[in-house]
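From first to last, the protein sequence lines are chains A, B and C. Counting in this note's numbering, the first sequence runs from 1130 upward without gaps. Counting in this note's numbering, the second sequence runs from 502 upward without gaps. Counting in this note's numbering, the third sequence runs from 27 upward without gaps.
What the hints contain is simulated information worked out from the structure, not anything from laboratory work. For glycine and all other residues, C-beta sits at the position ideal for the given N, C-alpha and C. Don't take each hint at face value.
As the list claims (entries may be wrong) - Not the full set, but computed from the structure, chain B residues with beta-carbon under 7 Å of chain A:
1) L561
2) V570
3) R590
4) S602
5) Y603
6) L643
7) Y644
8) F646
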Amino acid sequence: MRHRLEFTGKKLFRMGVLLLGVSLVTFLLMCASPLDPLQTNVGQTALGSMSPEQVEKLEAYWGVGIPPAQRYIGWLWDVCHGDFGTSLLYRQPVLEVVGERLANSAGLMFFAWVISGVLGLALGVAAGAFRGRWQDRLIRGYCLVITSTPAFWLAILLLLIFSVWLGWLPIGLAVPAGTDASSVTLADRLAHAVLPALTLGITGVANIALHTREKMVDVMESDYVLFARARGESARSAVLRHGLRNVILPGITLQGASVSEIIGGSVLVEQVFSYPGLGQAAVTAGLGSDMPLLLGITVITAAIVFAGNLAADLVYGAVDPRIRKGAAGR
Amino acid sequence: MEPVLQIKHLSIDFTRYERGTKRRRLTVIRDLSLEIYPGQVVAVAGASGSGKSLLAHSILDILPHNSHVEGEILYDGTLLTPERIERLRGSEIVLVPQGVSYLDPLMKVGTQLRKGKKDPGTKERYRIALNRYGLGEETEELYPFELSGGMARRVMIASASAESPRLIIADEPTPGLDAGTAGRILGHFRELADEGAGILFITHDLELASEVADRVVVFYAGETIEEARAEDFADVACLRHPYTKALWYAMPKHGFKPVQGSQPYPGQLRSGCHFAGQCETCREECLERETIPLRPYDGGRVRCLYPKEEGQV
Amino acid sequence: MKNGNRRRNAAVFLICAAVILLAVTASGILLEEAAVETDFAEKNLPPSNRALFGTDWMGRDMFARTLAGLSLSIRIGVLTAVVSGIAALLLGIAAATLGRKVDAVISWCIDLVMGIPHILLVMLVSIACGRGFAGVVAGVALSHWPSLARVIRGEVIQLRQAPYILTADKLGVSRLKIVRRHMLPHIMPQFLIGMVLLFPHAILHEAGVTFLGFGLSSEQPAIGVILSESMGYLTTGKWWLALFPGAALVLVVLLFSVAGEYIRRLADPASAHE
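Isolated chain A (complex conformation):
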């Protein structure tokens, strides 16, 4: 147990340092940008017609002219006090914007994460078990096509089919346009989330299934499956008792790592469906040079990704008897 705690502590510390690195890199990248936030957001002509004092005020608002080191340290100081600054575009505290957007996205991402995990594992195991047969070819074909498809184009395609042609589902936004937040029903919310969630799920499955298949093929060729067969266990028992068990461990790691891909996919998919989630906010912040918001989103996203990996490591350690017992023996 002490060993596990030590391990967790070390990982947490490393995570903290990495997050610091992420924030610094993000900050430097945005500072290096030659794009003038005033020109992108206010516009050349509007700027020209303003008085110097007005321009100066705007420059102060967008943080132009403050030395980068001072800006970064200031930002870091505030973050340590729980303040991620104020979004320049939304004119709201960054944490509020992120919280609200994340709440919208969380359902989508969680759904896609669970579906891709469960279905990906099942398909991967099936493909590995039926290696070389038509089931395997079918599943591998599907995975290959999906991993070669841009998520946003798949989103457009689904939009075309289900919203434009069939008219079953709404075109975009998390809620019907123009309705009061209070009058939005759960059904409305679901109807708007179906397509984005479906897109994310479909893309997520492919990757997990392909990796699981590789593992499954290795397991099925292993000595212990050979011995199980020699001892009269059926092919079914070999797959379910030994295959599944040994594929789940690497599956945990995969599942932890897939968090990053799902968030990445959501950025594109939310844009297509104009779904007001975290990804869309990131794009808006990026296009509008909203430094505090983009910085906040990147750091929080990275924190979620690291947390996913850490969780996978911890679960792995708890499940794998070699690590669990090895630690107990120490």
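Given chain A, work out where chains B and C should sit, using these hints.
Only chains B and C this time, still in chain A's reference frame:
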């Protein structure tokens, strides 16, 4: 008495690719014949890489999918068809594999042995089997990585004996063990044979083979080159094939003289005697003949045109 | 035996794939003019014999635009994958051979880059470079090296324990020479396969980030731009604006993916038995 296992002219080959897109057939075992009677231990001895394990896998019908088998395998006098072996493996015909890598690393020993059955009868049966080899109940709760090499072998012998098998195929059950432990493991096999099972003992160690077995089949480049009685190994003059003799001289107690040269790989075989490259009494005729037949000779069998001829060793 | 000679099939496929990709790239360059040519007499035409993929609201021929876009995608994909691959090779070897400190720093960088979702990182780098062509290339190249670098690092660390490397080291052969003479040839197949498998990712991320508006400028007939523009016309039933360019991109990426898979199969000695 009828042999429990009878193999007639067994050949195994593989299709594989080499260098680019060239595909070829590779014969790993060629024209192998042997019989095992109940209560008998028959050893198949051959250098590493001579395809011995595949023999075990072909009897159990668990060869990889790119393999191709010819010849006949008879069990109890009748042909061992895929349907039949599927029913028999794990009950009447059992395998004792090489080492701990043949146990599922994520499954407790007990659960693994029971093959998913949970009834008290099964539990009792495996408990008794483990007990017989000095493994207590606590062993059932261990994971394979917690077993020592000797324990793992005993677990696997227990898994075999629990089924009250009539044919046991032991694939290199001793390497990596110290002499004492290995000796005990071999003793367990002898015991099982004395209880009436036929045992196919696959090993690379000819000395070990001659100690534990009743009959020894010597393997060279995928072929049986000699079948000898265990007692033939007491005196080199009783051995038939020059390769067996060379191996005899290579044993520590007979002078530790290394065998010159090396076995040809399955892909590089030519016609004629395959041992020709290493044989000191090789003659013209040995190379000219298409194949050298395996023939009965002096109470055993040999694949040599001029057996028992003493080379200048 | 029923499958025929798989390796020969793979080789034939690879040649065909290379020819198709080259043809697409070349024709795209030739059609660059036609891709931006407007003809208001022929706007909003659905696909027909006159315009295979239809025309858009400015009368531009979608077939020419699609090919030009694919060509652009392939060129950017190859460029970024090569840059990324070489970075991965150098950093992977450096991490494995230059001592613990260098290793710690490089591994830390790998973790850092992998912690930020790709698309977000490409966005950030692109912003730092002022968007446009340079932004996309830098963004995609900078975000794709870590996974391959990690593979190469692992491979080299394993190689370092190989007896012949240890012997060479004991014999006083210089580090650089060991890397060049003994290690590079060994990891070359792994590296090449890894790089080919980077193409699809690179192309998809380029298209994605351009679609979001951080990549190539809207004057260029990039697939991302075409699809982004098509979004405004979908509800009015102009499906061909999105369907064909996207499907064509999928086909190109698929060719790269399958080619990578086949190369891997040819180069992997363990596949001899399949």
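- prompt: With a cut-off of 7 Å, does the beta carbon of B/Y603 approach a beta carbon of chain A closely enough for the hint to hold?
  reply: 4 Å, holds
query: Do the numbers back the hint for B/F646, that is, is its least Cβ distance to chain A under 7 Å?
result: 5 Å, holds
query: Do the numbers back the hint for B/S602, that is, is its least Cβ distance to chain A under 7 Å?
result: 4 Å, holds
message: A closest beta-carbon separation below 7 Å is what the hint needs, so does B/R590 meet it against chain A?
response: 5 Å, holds
message: Just to be careful: measuring from the Cβ of B/V570 to every Cβ in chain A, is the smallest value less than 7 Å?
response: 16 Å, violated
- prompt: Does the CB of B/Y644 sit less than 7 Å away from some CB of chain A?
  reply: 5 Å, holds
- prompt: Does the interface hint hold: is B/L561 within less than 7 Å of chain A, judged Cβ to Cβ?
  reply: B/L561 check passes; min Cβ-Cβ to chain A is 5 Å, inside 7 Å.
field: Interface hint compliance - B/L643 to chain A, C-beta minimum distance less than 7 Å
entry: 9 Å, violated
Hint compliance for this structure: hints 2 and 6 are broken, all remaining hints hold.
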